[in-house]
Amino acid sequence: MPWDALLRSATWGATLLCLASLGVLVLRTARTGRPHLYSRPGGDPLRGVVYAFTKGMMPWEKESVAKHPLTFSAGILFHLGIAAAFLLLYAHLLALPLPATATQLLMFSSLVGAILGFGLLLKRALKPPLRRISSPDDFLSNLLVDLFLLFTTLFHSDLIAAPLWLLSATLLLLVIPLGKIRHCVFFFYTRTLFGMFFGRRGVFPGPKAR
Amino acid sequence: MTELIAASTPPKVEVTEEQIQTALKVFFSKLSAAEVSAAQSCVRCGLCADSCHYHLSDAETASMPTYKLNLALAVFKRHFTWMGLIFPGFVGAKKLDQAMLEEWVDTLYGRCSMCGRCTINCTSGINIPAIVRAARSAMAAIGMVPKELQSTVNAAVESGNNMAIPQADWLDTLSWIEEELQAEMGDETIKIPIDQPGKRLLYTVNPREPKFYPLSLLAAAKIFHAAGESWTFSSQFYDVTNYGLFSGDDAHAGLISGHLQEARKKLGAEILVLGECGHGYSANRWDAAQWNREEQDAPILSVIEILHQYLSQGRIRVNPQLIQKRVTLHDPCNLVRHGGIIEEQRDILKLAVSDFVEMIPNRQKNFCCGGGGGQLSMTRFSKRRLAAGKVKADQIRSTSAKVVVTPCHNCVDQLSELNREYKLGVEIKSIVEIVGDALVLPGKG
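Here the protein sequences come in this chain order: A and B. Residue numbers for the first sequence follow my numbering, so the first one is 15 and each next one is one higher. Residue numbers for the second sequence follow my numbering, so the first one is 44 and each next one is one higher.
Worth flagging that the hints you see were computed from the coordinates, not collected in a lab. There could be a bad hint or two in this list.
[Unchecked claim] Stretch-level coverage of chain A by chain B, calculated; a stretch enters the list once three of its residues show a Cβ under 8 Å from a Cβ in chain B:
| no. | stretch |
| --- | --- |
| 1 | 51-57 |
| 2 | 81-87 |
| 3 | 157-167 |
[What the hints assert, rightly or not] Covered stretches of chain A (in silico footprint by chain B; criterion: 3 or more residues with CB under 8 Å from a CB of chain B, positions within the stretch not fixed):
| no. | stretch |
| --- | --- |
| 4 | 90-101 |
| 5 | 143-153 |
| 6 | 188-194 |
Predicted model only: the values in this text are computed from it and were never measured. In this text, a Cβ means the ideal position worked out from N, Cα and C, and glycines have one as well.
Model the full assembly from the supplied sequences, consistent with the hints where possible.
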């Protein structure tokens, strides 16, 4: 079996394993339960959720973002790069033809993501407070993502062969449920509950919601 | 100096394996889906650091919200996740043991006022105070609550108020306030209602009011009289505070809040009115029903909401010309960021004073004064508390205000200490006091 076909299968297998593991993690989390709320609501949880995913993430609303525009922007572009790389990955696996411009754009986004990802990794390694709060998982997870983004770019620039790219993707997919990268799912879970909590109390989006 | 530090360091308490198991059981029982999801959401980006007044004051890693969060989550991961069990070093999982418990006490009690400012600045929106409280609950279960905080809880449980004011003293104070009210109103028939059944409002206060600020009781009585309100105090349960919220002990917290509901039901009052206390509002309005697993069967309102109603309905009038000094407002975290009472106090001040200026930032984004989380009672952490208050002191100074108003008597205490420590030269007042000062008495134009 040629390496390419073998790694295609491995990537698909890793994808399924990743999705199944994340599903189990979400179910296990949900099974810890949400307590019945006995107090009378003071606002609308749904409006809180909308706030959490829109205005509540904006620099003019969120001080941590306003104070760290570079880190925030790097984070956004890094995550857009990851999304782009996965789009290219599954387009490749499914043999979906993408317009050349779209491929170029996704590849560029992936490259930007890789550069910024390495930058964030370097920042974590060099800044003492960040280093002190980090575990090996923080470094390895970032590194695996960065390599995947880099190899995505290199493969689409014809600088490396598909197996190396697929190997990086497979490794990444296998690690996703094991460590911090699982936040790709739990970010949405937590942020939803954040919105519901503050929405119900009439804190966000504000008193007009009451 | 060494002696002073030694004197404030509590004696080391050895914990047994059985206690550790108890603490773990309680800790896990306090984590619902929100907290377990949060445990898998923190990416340790560190963006929360600047949102915390502790970290802004000392720049220590241990003061970073993410550090505090992960200190608690390390135990969760080690004892309740497969990865933490198999590869603890890889995911930063740590056993709960003597050393960890000591660090929990120092960090989760001593470096956190549970103000929640980190939560709104967290990339994922992790409710860090909820996880800090879960850890505090674990410590409460094995008697590791700092004794100064625990004694405040004990006083409330045993005497009905956190300052253990004897009932006779409470009634004496009310009697004196009644005389003052009669003199001020020129009407000897006015009474302070105590244990009057069937009234619309049961009014509760912070025990610091009868103890240190009785004039705020006078102001409230004057306002209720001017509004023609049907209200009463309870002779027994009038304490709006609940330090069980901060110790982490749900059983005691539920009991303390239950006292107020018991008094309301016994007297047949329609509405429980919570006096000016940030955490008292959050505890009684939002958390007590959870602790006691009881649906709220009657409205629970802050006195700020009541004053706001009076003014908007024209039941009382205020004259802003009576307060000419520049006034600023401190938002208590538990009333505003955790409570949802945001605009009412502003509307009141805009009517009651001539020159009102906002602090920057304000409302949900305001900085904690440093007095929350039980910090005022935990004397061993006083130095940190005052240092962490510098952010608030700087905020106040930049407004050039001469009066700082806050609808919370714990905040009043911390702001008064900051006033002395940082030589701010301001007066600290509550909203009820300000409205009392600006009140136009009926028939007196």
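Status of the hints after comparison with the structure:
Beta-carbon proximity to chain B at under 8 Å applies to 6 residues in the stretch 51-57 of chain A; the threshold of 3 is reached and the given coverage holds. Against chain B, the stretch 81-87 of chain A contributes 4 residues with a C-beta closer than 8 Å to a partner C-beta. That satisfies the three-residue criterion, and the hint holds. With 0 residues carrying a beta carbon less than 8 Å from a beta carbon of chain B, the stretch 157-167 of chain A misses the three-residue requirement, and the given coverage is violated. For a cut-off of 8 Å, the count of residues in the stretch 90-101 of chain A with a CB near a CB of chain B stands at 0, and the three-residue condition is violated.
Only when three residues or more bring their CB closer than 8 Å to a CB of chain B does the claim for the stretch 143-153 of chain A stand; here the count is 9, and the claim holds. Residue count for the stretch 188-194 of chain A with a Cβ under 8 Å from a Cβ of chain B: 3. That meets the three needed, and the coverage hint holds.
Violated hints for the displayed structure, listed by number in ascending order: 3 and 4.
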